[in-house]
Amino acid sequence: MINLLPRYIISFIIMVLLQVLILNNIQLNGYINPYIYILFILTLPFDTPKWALLVLGFLLGLSIDLFTHTVGMHASATVFLAFLRPGLLNSMEPRGGYEPDSNPSVQDYGLGWFFKYAAFSVFAHHIFLFYIEVFKLEGFFQTLSRAILSGLFSLILILFIKLFIKK
Amino acid sequence: MQNLIRFLIKNHFIILFIFIEAFAIFLLINNNNYQQTKFVNFTRTVSGVFYQNVEKFNEYLTLKEKNERLKAENTRLRNLIQKNLEVDSDSFETQVDTNYNQQYEIISAKIINNSVNKQHNYITLNRGKVDGIKPEMGVITRDGIIGVIRGVSDHFSTAISLLNPELKISSKLEKSEFFGPLGWEGQNYRFAYLREIPLHAEVEKNDTIVTSGYSSIFPEGVPVGYVEDFEEKGARFHEIKVRLSVDFKQISEVYIIRNLRKQEQENLENQVEYND
Numbered sequence: 001m002i003n004l005l006p007r008y009i010i011s012f013i014i015m016v017l018l019q020v021l022i023l024n025n026i027q028l029n030g031y032i033n034p035y036i037y038i039l040f041i042l043t044l045p046f047d048t049p050k051w052a053l054l055v056l057g058f059l060l061g062l063s064i065d066l067f068t069h070t071v072g073m074h075a076s077a078t079v080f081l082a083f084l085r086p087g088l089l090n091s092m093e094p095r096g097g098y099e100p101d102s103n104p105s106v107q108d109y110g111l112g113w114f115f116k117y118a119a120f121s122v123f124a125h126h127i128f129l130f131y132i133e134v135f136k137l138e139g140f141f142q143t144l145s146r147a148i149l150s151g152l153f154s155l156i157l158i159l160f161i162k163l164f165i166k167k
Numbered sequence: 001m002q003n004l005i006r007f008l009i010k011n012h013f014i015i016l017f018i019f020i021e022a023f024a025i026f027l028l029i030n031n032n033n034y035q036q037t038k039f040v041n042f043t044r045t046v047s048g049v050f051y052q053n054v055e056k057f058n059e060y061l062t063l064k065e066k067n068e069r070l071k072a073e074n075t076r077l078r079n080l081i082q083k084n085l086e087v088d089s090d091s092f093e094t095q096v097d098t099n100y101n102q103q104y105e106i107i108s109a110k111i112i113n114n115s116v117n118k119q120h121n122y123i124t125l126n127r128g129k130v131d132g133i134k135p136e137m138g139v140i141t142r143d144g145i146i147g148v149i150r151g152v153s154d155h156f157s158t159a160i161s162l163l164n165p166e167l168k169i170s171s172k173l174e175k176s177e178f179f180g181p182l183g184w185e186g187q188n189y190r191f192a193y194l195r196e197i198p199l200h201a202e203v204e205k206n207d208t209i210v211t212s213g214y215s216s217i218f219p220e221g222v223p224v225g226y227v228e229d230f231e232e233k234g235a236r237f238h239e240i241k242v243r244l245s246v247d248f249k250q251i252s253e254v255y256i257i258r259n260l261r262k263q264e265q266e267n268l269e270n271q272v273e274y275n276d
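As they're listed, the protein sequences go chains V and X. Quick note on numbering: the first sequence equals residues 1 to 167 in our numbering. Quick note on numbering: the second sequence equals residues 1 to 276 in our numbering.
Honestly, the hints are just simulated from the structure, not real lab data. Quantities reported herein were computed from a predicted structural model and do not represent experimental measurements. Quick reminder that beta carbons are idealized off the backbone N, C-alpha and C, glycines included. Warning: the hint list may mix true and false statements.
[To be verified] Listed next, the in silico SDA-like pairs over lysine to any residue satisfying Cα-Cα at most 25 Å (straight line):
no.	chain 1	residue 1	chain 2	residue 2
1	X	Lys134	V	Val134
2	X	Lys38	V	Lys50
3	V	Lys50	X	Asn3
4	V	Lys136	X	Asn30
5	V	Lys136	X	Ala22
6	X	Lys10	V	Gly87
7	V	Lys136	X	Ile18
8	V	Lys50	X	Ile5
9	X	Lys56	X	His155
10	X	Lys38	V	Gly87
11	X	Lys10	V	Leu84
12	X	Lys10	V	Asn90
[Stated by the list, open to error] A short list of chain V residues far from chain X (calculated; beta carbon distances all over 12 Å):
no.	residue
13	Phe12
14	Val16
15	Leu21
16	Leu53
17	Thr70
18	Gln142
19	Ile161
Whole structure, please, built from the sequences with the hints as guidance.
Right under this line is the structure:
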């Protein structure tokens with residue numbers, strides 16, 4: 001666990017920089033904006049304490065917020081995602097449970113499993129985020145469609161990263 | 001106590017989640033203008049609807065008194081019309097001219113929530129964006145000034161009351177035209193203080209104090225109050241204790257003042273400052 005720490009710190013920094021410097025500038029049709037920094041939360045080890053998930057989620061969201069001048073927006077969405085993660089992992093547990101020393105990744109549990117895991121997380125996060133951003137229920141379906149389209153785009157990017165970039 | 005601790009430990013995840021999430025949303029609302037206005041407008045609408053219903057009931061209790069006051073106002077207005085007709089009847093031109101020069105428009109409104117006992121008092125009115133109300137409009141009654149509109153939602157608006165130390169009104173002594181800022185200092189709701197009146201200005205008890213008209217919010221000459229007492233403060237200025245002409249515990253019908261030339265005046269003033 002201790003020697004994993006630097007790896008996760010670097011992963012955190014890379015995720016924030018990638019999101020802020022590159023992905024925030026991608027706005028297809030001024031409509032779709034992918035958010036892939038949550039990959040950091042997704043790839044934390046299984047035995048991460050629950051409280052640490054929430055704290056890390058908050059810090060991650062807040063770092064993104066500081067760059068986009070939306071203090072609290074990404075933070076609340078990422079904390080929400082961190083809150084869902086343990087329940088989600090529990091419900092997707094393979095027969096026999098998770099193996100010790102494995103990570104929630106494509107390599108360890110296969111593409112199908114990871115796709116389901118990532119898809120659910122991404123959409124939960126995006127829908128929460130987009131509604132917090134507009135902060136009203138008017139135009140309910142427009143917001144929903146924006147969230148889903150952006151979610152699809154983020155999901156493709158996330159799968160791409162996980163498949164072709166080995167850590 | 002032990003049960004409580006056990007409960008906290010057992011549910012620490014969800015409690016921590018609620019705590020952090022609430023904190024994040026608190027940050028969001030406090031730091032982002034858009035979400036903040038949305039939130040404030042929402043609470044204003046909710047409290048507005050609530051207070052309006054309370055006020056509807058309270059109205060019946062003071063109906064008689066209000067009728068008396070409206071009757072008095074009616075008589076006064078009728079007298080005014082009479083006077084105007086006399087002046088205008090012999091010249092059509094003046095009438096057109098006064099219309100053209102109209103600088104202030106008046107919108108009547110009703111107070112649906114009001115306080116006098118806090119340090120920062122605010123007033124809620126039953127007019128909003130739909131009625132053309134905007135922030136920075138003045139609120140008065142026949143007796144004197146009440147406050148300035150701060151926030152507006154569709155059907156309600158909140159005004160910062162004169163009984164709020166954050167509001168300073170540029171006022172002057174009606175007799176000698178010396179002017180200074182007038183503000184409330186958080187004590188007795190019947191009294192406010194007028195400062196920066198130079199010592200050589202003649203002040204007498206019961207002199208009338210009116211608005212100076214130097215800000216673009218209130219017209220000149222709206223009554224504010226009367227000199228109750230005054231003393232030398234420092235070596236150069238009088239500090240004047242002012243008995244407010246409006247009894248803030250008794251107001252209900254008010255007028256909101258729209259300055260039709262506010263924009264023009266402010267643009268000009270900004271331009272001049274800019275050129276400096």
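Against the structure, the hints come out as follows:
Using a Cα cut-off of 25 Å, the hinted pair Lys134 (chain X) and Val134 (chain V) holds, with the two alpha carbons roughly 24 Å apart. Straight-line distance between C-alpha atoms of Lys38 (chain X) and Lys50 (chain V) comes to about 33 Å, which puts the hinted pair past the 25 Å bound. Distance restraint check for Lys50 (chain V) and Asn3 (chain X): the Cα-Cα separation of roughly 22 Å lies within the 25 Å cut-off, and the hinted pair is therefore satisfied. About 17 Å separates the Cα atoms of Lys136 (chain V) and Asn30 (chain X), which keeps this hinted pair within 25 Å; it holds.
The suggested pairing of Lys136 (chain V) with Ala22 (chain X) holds, with an alpha-carbon distance near 18 Å, which does not exceed 25 Å. For the suggested pair Lys10 (chain X) and Gly87 (chain V), the alpha carbons sit about 15 Å apart, so the restraint of at most 25 Å is met. For the given pair, Lys136 (chain V) sits about 21 Å from Ile18 (chain X) by alpha-carbon distance, which is consistent with the 25 Å threshold. Our distance criterion of 25 Å between C-alpha atoms is met by Lys50 (chain V) and Ile5 (chain X), whose separation comes to about 18 Å.
A threshold of 25 Å between alpha carbons decides the hint, and for Lys56 (chain X) with His155 (chain X) the separation of about 16 Å falls inside it, so the pair holds. With a C-alpha separation of about 33 Å, the suggested pair Lys38 (chain X) and Gly87 (chain V) falls outside the 25 Å cut-off, and the hint is violated. At roughly 17 Å between alpha-carbon atoms, Lys10 (chain X) and Leu84 (chain V) fall within 25 Å of each other, so this suggested pair holds. About 18 Å separates the Cα atoms of Lys10 (chain X) and Asn90 (chain V), which keeps this hinted pair within 25 Å; it holds.
Look at Phe12 (chain V): its CB is around 17 Å from the nearest CB on chain X, clear of 12 Å, so calling it non-interface holds up. The Cβ of Val16 (chain V) sits about 17 Å from the closest Cβ of chain X, beyond the 12 Å cut-off, so the non-interface label holds. Residue-level check passed: Leu21 (chain V) sits 22 Å from the nearest beta carbon of chain X, beyond 12 Å. Remark: the non-interface label on Leu53 (chain V) conflicts with the geometry, its nearest Cβ contact in chain X lying 9 Å away (cut-off 12 Å).
For Thr70 (chain V), the shortest C-beta to C-beta distance to chain X comes to about 6 Å, within the 12 Å cut-off, and the non-interface label is violated. Gln142 (chain V), annotated as away from the interface, keeps every beta carbon of chain X farther than 12 Å; the closest lies near 17 Å. Even its closest Cβ contact with chain X, about 26 Å, leaves Ile161 (chain V) beyond 12 Å, as expected for a residue assigned away from the interface.
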